[in-house]
Amino acid sequence: MSAGVLQAKLWYAQRISAMVLGICVAIHLLIIFYAIRGGLSAQEILGRTQGNVLFAIFYEVFVLACFVHAPIGLANILQETFPKTEIARPLSWILALMILILGTTAVVGVYTGGQI
Amino acid sequence: MSNTDLKVRVWRGSQEGEFVEYLVPRNPNQTVLDVVTYIQRKLDPTLSYRFACRVGMCGSCAMTVNGVARWTCRTHVSQILQGDSLEIAPLNNLPVIKDLATDMREFFNKWKGAVGFFKGNQTRHDDFAKIEPNSEERQLANAGIECIGCGVCYASCEVLEARPNYLGPAALNRAWTLTNDVRDVQQLERMRAVAGDAGCHACHSQGSCTERCPKAIEPTASIAGLKKLVARAAVRGSKWGKL
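Residue numbers (my numbering), protein chains in the order written: chain Z, 85 to 200; chain P, -1 to 241.
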């Protein structure tokens, strides 16, 4: 794949993941408003999320959209800010893997309630 | 110095240099180009600058006036005067040859790099191409076709400051008008040329080019058109083939 085609595909991926993120963030905010009505406790949160497949699927989609979106943006920023270095790609990959691993761990955590 | 004199700070030198202050009499309906011409003819004949038509047709007199790239021939002093001072510098993002004259080669080479030139496959023996004036392509081409290559958008582009190899708004705008020219036969080559780190996807849509264009062209919109077209061609293909 040429650099131009890769860049075009990355741009497309970032655009589509931004659309997904837009919806996810809106739902996430609504859930926050709903969830904090009666105070906020770990027990209450886990009571809602534990064993709830819909919750788990929604937040995993959220994690995947971040996994695609954020590293592409970071790579562009690094490329422009430090054009003479080669740090853009490795740092973006590290961020991508961290988002995927930590995000998925968190989703599994609230789904199982820390049982595994 | 009379009360009506303008204090004009003008860039002297090349890449390295300094601002030198001149006092220029204030006249009604005076343009910035009149001011520069006065300095060269009456105060310092060694001042170098570029102009030709004086009426906003040729695009050669663009300079940075009070920090903003403009055509000096179509900018009245009264429109931009801050107190009694003017600051006149060469265009940004281009190497300075001397004083207010920049080296435009890179700017025009990028037009070529973006395949910003027409190539058809008809000869004089063929009939005229019939393009419906209201067709979508013709309308899209019309929107950007009046560019005269003055370099104001190029000098105003923040992306170019960070990525000197970026093709820039003028070249990409030209590429977009040609993309919408149904007679042109280099569409795939053009899409390949404008894809990539130095191409349309490097644009942040900050819109300085559109804000500053003296012809009211919207290179930001042209670049957005290219972004969509090229990305679709890379993922799903286009009517001219896949990238």
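Don't read these hints as lab results, they were simulated from the structure. Mixed in with the good hints there might be a few duds.
Unchecked claim - A short, non-exhaustive set of chain Z residues, derived as facing chain P with CB atoms under 10 angstroms: (1) S86; (2) G88; (3) V89; (4) L90; (5) A92; (6) K93; (7) A154; (8) L158; (9) Q163; (10) T169; (11) E170; (12) I171; (13) P174; (14) S176.
As the list claims (entries may be wrong) - Distance condition first, Cα-Cα at most 25 angstroms in a straight line; then the derived PhoX-like pairs of lysine-lysine: (15) P/K110 to P/K237; (16) P/K237 to Z/K93; (17) P/K110 to P/K240; (18) P/K213 to Z/K93; (19) P/K226 to P/K237; (20) Z/K93 to P/K96; (21) P/K110 to P/K213; (22) P/K5 to P/K110; (23) Z/K168 to Z/K93.
Every residue gets a Cβ at the ideal spot worked out from N, C-alpha and C, and that includes glycine.
Status of the hints after comparison with the structure:
Hint status for Z/S86: holds, given a least beta-carbon distance of 7 angstroms to chain P, under 10 angstroms. At about 3 angstroms, the closest approach between the beta carbon of Z/G88 and any beta carbon in chain P falls short of 10 angstroms, and the interface hint on this residue holds. Against a cut-off of 10 angstroms between C-beta atoms, the interface hint on Z/V89 holds, since the closest Cβ of chain P lies about 5 angstroms away. The beta carbon of Z/L90 is positioned within 10 angstroms of a beta carbon in chain P (closest approach about 8 angstroms), and the interface hint is therefore held.
Here the hint on Z/A92 is kept, as its CB sits about 4 angstroms from the closest CB of chain P, short of 10 angstroms. The beta carbon of Z/K93 comes within 5 angstroms of a beta carbon in chain P, closer than 10 angstroms, and the hint placing it at the interface holds. Annotation: Z/A154 was flagged as interfacial toward chain P, and the flag is violated, the nearest CB pair being 17 angstroms apart, outside 10 angstroms. Hint on Z/L158 is violated. Least Cβ distance to chain P is approximately 14 angstroms, over the 10 angstroms limit.
Given the 10 angstroms rule on beta carbons, the hint for Z/Q163 holds: about 7 angstroms separates it from the nearest Cβ of chain P. Because the smallest distance between the Cβ of Z/T169 and any Cβ of chain P comes to about 14 angstroms, over 10 angstroms, the interface hint for this residue is violated. The criterion of a C-beta within 10 angstroms of any C-beta in chain P is not met by Z/E170, whose closest approach is roughly 13 angstroms, and the hint is violated. Annotation: Z/I171 was flagged as interfacial toward chain P, and the flag is violated, the nearest CB pair being 15 angstroms apart, outside 10 angstroms.
Here the hint on Z/P174 is broken, as its CB sits about 17 angstroms from the closest CB of chain P, past 10 angstroms. With its C-beta approaching chain P no nearer than about 14 angstroms, Z/S176 sits outside the 10 angstroms limit, and its interface hint is violated. Restraint check for P/K110 and P/K237: satisfied, since their Cα atoms lie roughly 23 angstroms apart, inside the 25 angstroms limit. Straight-line distance between C-alpha atoms of P/K237 and Z/K93 comes to about 18 angstroms, which keeps the hinted pair within the 25 angstroms bound.
Between P/K110 and P/K240 the alpha-carbon distance is near 22 angstroms, which keeps this suggested pair within the 25 angstroms criterion. Under the criterion of a C-alpha separation no larger than 25 angstroms, the hint pairing P/K213 with Z/K93 is inconsistent with the structure, at around 33 angstroms. With a CA separation close to 14 angstroms, the supplied pair P/K226 and P/K237 stays within the 25 angstroms bound. Taken as a hint, the Z/K93 and P/K96 pair is broken in the structure, with Cα atoms around 42 angstroms apart against an allowance of 25 angstroms.
The straight-line distance between the Cα atoms of P/K110 and P/K213 is roughly 22 angstroms, inside the 25 angstroms bound, and the hint therefore holds. Between P/K5 and P/K110 the CA atoms are separated by roughly 41 angstroms; this puts the pair beyond 25 angstroms, and the hint is violated. For the hint linking Z/K168 to Z/K93, the alpha-carbon distance of about 24 angstroms falls within 25 angstroms, and the restraint holds.
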